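J.: Sequence:
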Amino acid sequence: MSTQPPQYPDHASPAGGPPRYTPGTDQYGAAGGRYGTGAYDPNQYTGTAAAPAELKKLLTLTLVSAGLYLLSGAVAIFATASTDMTDVYRQMGMPSDQAALMAEQAGGVATATSVITLVIAMALYALVYVFLKKGRNWARILGIVLAILGAVGTLFGFIGALAYGGTGIVMIVVGALFVVANILWLVTAFKAPVARWFGQYRTA
1 MSTQPPQYPD HASPAGGPPR YTPGTDQYGA AGGRYGTGAY DPNQYTGTAA
51 APAELKKLLT LTLVSAGLYL LSGAVAIFAT ASTDMTDVYR QMGMPSDQAA
101 LMAEQAGGVA TATSVITLVI AMALYALVYV FLKKGRNWAR ILGIVLAILG
151 AVGTLFGFIG ALAYGGTGIV MIVVGALFVV ANILWLVTAF KAPVARWFGQ
201 YRTA
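Just so you know, we're using the working numbering here: the sequence shown kicks off at 1 and counts up by one.
Some hints could be false.
[Said to hold, decoys possible] As a list, the in silico DSSO-like pairs of lysine-lysine whose alpha-carbon atoms are at most 27 Å apart: (1) K133 <-> K57; (2) K191 <-> K133; (3) K191 <-> K134; (4) K57 <-> K191; (5) K134 <-> K56; (6) K56 <-> K191; (7) K56 <-> K133; (8) K57 <-> K134.
Hints were generated in silico from the structure; no laboratory data involved. Quantities reported herein were computed from a predicted structural model and do not represent experimental measurements.
Assemble the whole structure, with the sequences as input and the hints as a guide.
T.: This is the structure:
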């Protein structure tokens, strides 16, 4: 019976020594899986995908919308303070005495309400902007809701804007620009790359 040891062509070794391991011949395939799968990527599921180019546009439109909303609110406050609201209410069909009473009651209240509304709106804009940059999908959803409500509310506001004369025309122009900015914001927010990026799991 032969005592010659078995031959291992891929693991040649010096005479009398143990078989040598040859790198690169692992039966599981160091460069990838055996069944056509790619090599394991430790960053594959960490949610570190780069932000899409549209994100910068979305952030810019957020600032544009905020600026136009602030300008629109300032014009509205000026229009209310500089317009004879008694005459405005009379044009709406109210009796003179009732129009005078309404104008007196609404003057200070309307200005205070407008200022408070502007402050709250700017805080919401800041919240949306900051967390859009951080990739929070809830900020995108909040922005969508605010953009829709803002655009619809502005369009309804056009109905009585002409009662303020020349200032009303300025209100309509600024409001129209605000609506356009919000529509562009919504279109950008719903684009597939943006929605996909915000929808991914992010730990940052």
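J.: Hint by hint, say whether it matches the structure.
T.: Going down the list of hints, with the structure as the test:
Taking the CA atoms of K133 and K57, the gap is about 11 Å. The hint holds against a cut of 27 Å. At most 27 Å may separate the alpha-carbon atoms for a hinted pair to count; K191 and K133 meet this at roughly 16 Å. With a C-alpha separation of about 18 Å, the suggested pair K191 and K134 falls inside the 27 Å cut-off, and the hint holds. Under the criterion of a C-alpha separation no larger than 27 Å, the hint pairing K57 with K191 is consistent with the structure, at around 12 Å.
The suggested pairing of K134 with K56 holds, with an alpha-carbon distance near 12 Å, which does not exceed 27 Å. Under the criterion of a C-alpha separation no larger than 27 Å, the hint pairing K56 with K191 is consistent with the structure, at around 13 Å. Between K56 and K133 the CA atoms are separated by roughly 9 Å; this keeps the pair inside 27 Å, and the hint holds. Straight-line distance between C-alpha atoms of K57 and K134 comes to about 15 Å, which keeps the hinted pair within the 27 Å bound.
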